[in-house]
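Place chain B on chain A using the hints.
Sequence lines, in order, name chains A and B.
Under the working numbering, the first residue of the first sequence carries the number 3, and numbering increases by one thereafter.
Under the working numbering, the first residue of the second sequence carries the number 3, and numbering increases by one thereafter.
Among these hints, one or two may not hold up.
Said to hold, decoys possible - Cβ-Cβ distance ranges computed for the label pairs, FRET-style: (1) G77/A to G77/B: 48 to 56 Å; (2) L98/A to H204/B: 43 to 51 Å; (3) R93/B to E199/A: 45 to 53 Å; (4) P216/B to D120/A: 18 to 26 Å; (5) H204/A to I76/B: 23 to 31 Å; (6) R203/B to G94/A: 30 to 38 Å; (7) G94/A to G77/B: 43 to 51 Å; (8) G77/B to T13/A: 37 to 45 Å; (9) L212/B to D119/A: 17 to 25 Å.
To be verified - Partial list, derived from the structure: chain A residues whose beta carbon lies under 7 Å from chain B: (10) A21; (11) I22; (12) P53; (13) P70; (14) R74; (15) L127; (16) E132; (17) C136; (18) N144; (19) S209; (20) L212.
As the list claims (entries may be wrong) - Computed footprint of chain A on chain B, listed as stretches where at least three residues anywhere in the stretch have a Cβ under 8 Å from a Cβ of chain A: (21) 83-89; (22) 139-148.
If you are wondering where the hints come from, they were derived from the structure by calculation, not from laboratory data.
A quick note: this is a predicted structure, and the numbers were derived from the prediction, not measured.
Here a beta-carbon is modelled for each residue, glycine too, at the ideal position from N, C-alpha and C.
Residues per chain, in single letters:
2 protein chains.
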Amino acid sequence: MTTSQHCFDDTERATIYRAIALRRDMRHFTPSPPLPDDQLERLLQAAHAAPSVGLMQPWRFMRLSTPPWRERLIGIVEAERQRTADALGARGAEFLRLKVEGLRDCAELLGVVLAPDDGTVFGRLSQPREMAWCSAACAVQNLWLAARAENLGLGWVSMFDPAQLACALALPEGAEPLGLLCLGPVPRFYDQPMLEETGWRHARPLSEMLMAPPAP
Amino acid sequence: MTTSQHCFDDTERATIYRAIALRRDMRHFTPSPPLPDDQLERLLQAAHAAPSVGLMQPWRFMRLSTPPWRERLIGIVEAERQRTADALGARGAEFLRLKVEGLRDCAELLGVVLAPDDGTVFGRLSQPREMAWCSAACAVQNLWLAARAENLGLGWVSMFDPAQLACALALPEGAEPLGLLCLGPVPRFYDQPMLEETGWRHARPLSEMLMAPPAP
Numbered sequence: 003m004t005t006s007q008h009c010f011d012d013t014e015r016a017t018i019y020r021a022i023a024l025r026r027d028m029r030h031f032t033p034s035p036p037l038p039d040d041q042l043e044r045l046l047q048a049a050h051a052a053p054s055v056g057l058m059q060p061w062r063f064m065r066l067s068t069p070p071w072r073e074r075l076i077g078i079v080e081a082e083r084q085r086t087a088d089a090l091g092a093r094g095a096e097f098l099r100l101k102v103e104g105l106r107d108c109a110e111l112l113g114v115v116l117a118p119d120d121g122t123v124f125g126r127l128s129q130p131r132e133m134a135w136c137s138a139a140c141a142v143q144n145l146w147l148a149a150r151a152e153n154l155g156l157g158w159v160s161m162f163d164p165a166q167l168a169c170a171l172a173l174p175e176g177a178e179p180l181g182l183l184c185l186g187p188v189p190r191f192y193d194q195p196m197l198e199e200t201g202w203r204h205a206r207p208l209s210e211m212l213m214a215p216p217a218p
Numbered sequence: 003m004t005t006s007q008h009c010f011d012d013t014e015r016a017t018i019y020r021a022i023a024l025r026r027d028m029r030h031f032t033p034s035p036p037l038p039d040d041q042l043e044r045l046l047q048a049a050h051a052a053p054s055v056g057l058m059q060p061w062r063f064m065r066l067s068t069p070p071w072r073e074r075l076i077g078i079v080e081a082e083r084q085r086t087a088d089a090l091g092a093r094g095a096e097f098l099r100l101k102v103e104g105l106r107d108c109a110e111l112l113g114v115v116l117a118p119d120d121g122t123v124f125g126r127l128s129q130p131r132e133m134a135w136c137s138a139a140c141a142v143q144n145l146w147l148a149a150r151a152e153n154l155g156l157g158w159v160s161m162f163d164p165a166q167l168a169c170a171l172a173l174p175e176g177a178e179p180l181g182l183l184c185l186g187p188v189p190r191f192y193d194q195p196m197l198e199e200t201g202w203r204h205a206r207p208l209s210e211m212l213m214a215p216p217a218p
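Just chain A, same shape as in the assembly:
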C-alpha cells in the first residue's frame, strides 16, 4: 500500500466527517427488495473491521429479512413497546405516538448477537461483560457509517425482551441479543435525530460532556 493510501487529505477527511454528521438512527424506510448480496457483504465486512478487546470479535449476525421473521419480531418488539409506555407513566401516550422501529418496511432485517463468552482475559480482566458489549457496539457503529456511505439508513432497535428474543432466535447458551437492525433505502435522512425532530428530547451540546479532572 502506498503512502497516499495510508493518508487522508483534506477532502477525504471532510467526507468522513460528513458521514459521521449525517448518520441517523432511522425508523422510516422505503419498502424495497432485499439488498444485493455483494452490498450486504460490504456492509458486514465494515462491521467486522471493528476493534475488539483482546481481538475477541464477539459480534455475530443473523439475516432475518423474510416475512415470517418480520411478523414474529414485530410481535416481540410491540410487546416491549407497550411495557415501555407503561413504564413511562405520564409520557406513555406521547411515546406511543412515536415511530420507534421500521421492521416492516426496511429492505433487510439483521439480528446482532453477542457470542457466548470465549474467556478472553486480555483487556477485560475487570470489566469482561462491558468490554464485550462495547466491542460489539463498535461493530454496529461501523455498519451504521458504512450504510450511510451507501446512502442507506440503519435503525438499531433495542426494544425487546432479551430472553424472549434469545429464545425466538434459538441462541446458544451464553449468547445475548444486542439489537435488531433495520437496514435499507429511506425516503429521507432526518435533519436532526428523530427524537429531537419530534420534540421528545433535546440533545445537549458537547460543552456539557466535558469533565474537568481533579488535581492528579
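Structure of chain B alone, referenced to chain A:
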C-alpha cells in the same frame, strides 16, 4: 443542505470504507506536543455525533494529558497489566512482552466516562446498563474513525481497575470509567491489528460471524 451533500458518490464511499479498513487500535505513538484545540474539538464533536439509546448521550470526556496525570494513570494500568499476566497463566510471560498501551508518548490522553444513569427508559427498559455502554462505545468508534481521518492514531486502554480509576478521577457516584484513550501522531499504522502482527491471536473471517436463523 443540497441533495449532493446528502448523497455519497462512489469515490466518497470508497474513502469512508478505507477509513474503516485502515483504523487500528494503536499502542505506538510519536512523542508530540498537545493537539491544537480546534483539532481536538473536531474529534470530540465527531464522538458526540454518535447515536445513543433514547438520546441519553451518556459519554463524558476528561483531558488527562499532563505529565502528572500520565504518571498516575501509568501506575494504575501497570498494576492491572501484572494482574492480567497472572490470570493468563502459561501465556503470562508472552503477554508481558507485548506493548499494551501508549500512555507515555501519545499527544493526548483522554478519559472516557459513562455518566451516572439518568433514568432513560426509551429503548432500555430491559437492558439499561448494556445500552448505556453500547451508546458510549459508539461515540468512541466515531472518535476512532475521525482520528484516522486526521491521520492520528487512537488506542483504547481498558486495562485498569475501574474502582481505582474512578477514585483517581474523582468520578461522581454512579459514573464508571469506560476507557483511557491514547491519541496522537504515530510512526506508522499497523498493517494488521497489533495482536495479529505479534502472533498473539488470529482474527477470524466474516464467514464465521454469520449465524443461520432457525425456522421462524
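For each hint, the structure was consulted:
no.: 1; hint: G77/A to G77/B: 48 to 56 Å; in the structure: 53 Å, holds
no.: 2; hint: L98/A to H204/B: 43 to 51 Å; in the structure: 48 Å, holds
no.: 3; hint: R93/B to E199/A: 45 to 53 Å; in the structure: 51 Å, holds
no.: 4; hint: P216/B to D120/A: 18 to 26 Å; in the structure: 22 Å, holds
no.: 5; hint: H204/A to I76/B: 23 to 31 Å; in the structure: 39 Å, violated
no.: 6; hint: R203/B to G94/A: 30 to 38 Å; in the structure: 47 Å, violated
no.: 7; hint: G94/A to G77/B: 43 to 51 Å; in the structure: 49 Å, holds
no.: 8; hint: G77/B to T13/A: 37 to 45 Å; in the structure: 43 Å, holds
no.: 9; hint: L212/B to D119/A: 17 to 25 Å; in the structure: 20 Å, holds
no.: 10; hint: A21; in the structure: 5 Å, holds
no.: 11; hint: I22; in the structure: 5 Å, holds
no.: 12; hint: P53; in the structure: 5 Å, holds
no.: 13; hint: P70; in the structure: 4 Å, holds
no.: 14; hint: R74; in the structure: 5 Å, holds
no.: 15; hint: L127; in the structure: 5 Å, holds
no.: 16; hint: E132; in the structure: 5 Å, holds
no.: 17; hint: C136; in the structure: 4 Å, holds
no.: 18; hint: N144; in the structure: 5 Å, holds
no.: 19; hint: S209; in the structure: 10 Å, violated
no.: 20; hint: L212; in the structure: 6 Å, holds
no.: 21; hint: 83-89; in the structure: holds (count 3)
no.: 22; hint: 139-148; in the structure: holds (count 8)
The structure does not agree with the numbered hints 5, 6 and 19 stated previously, though it agrees with the rest.
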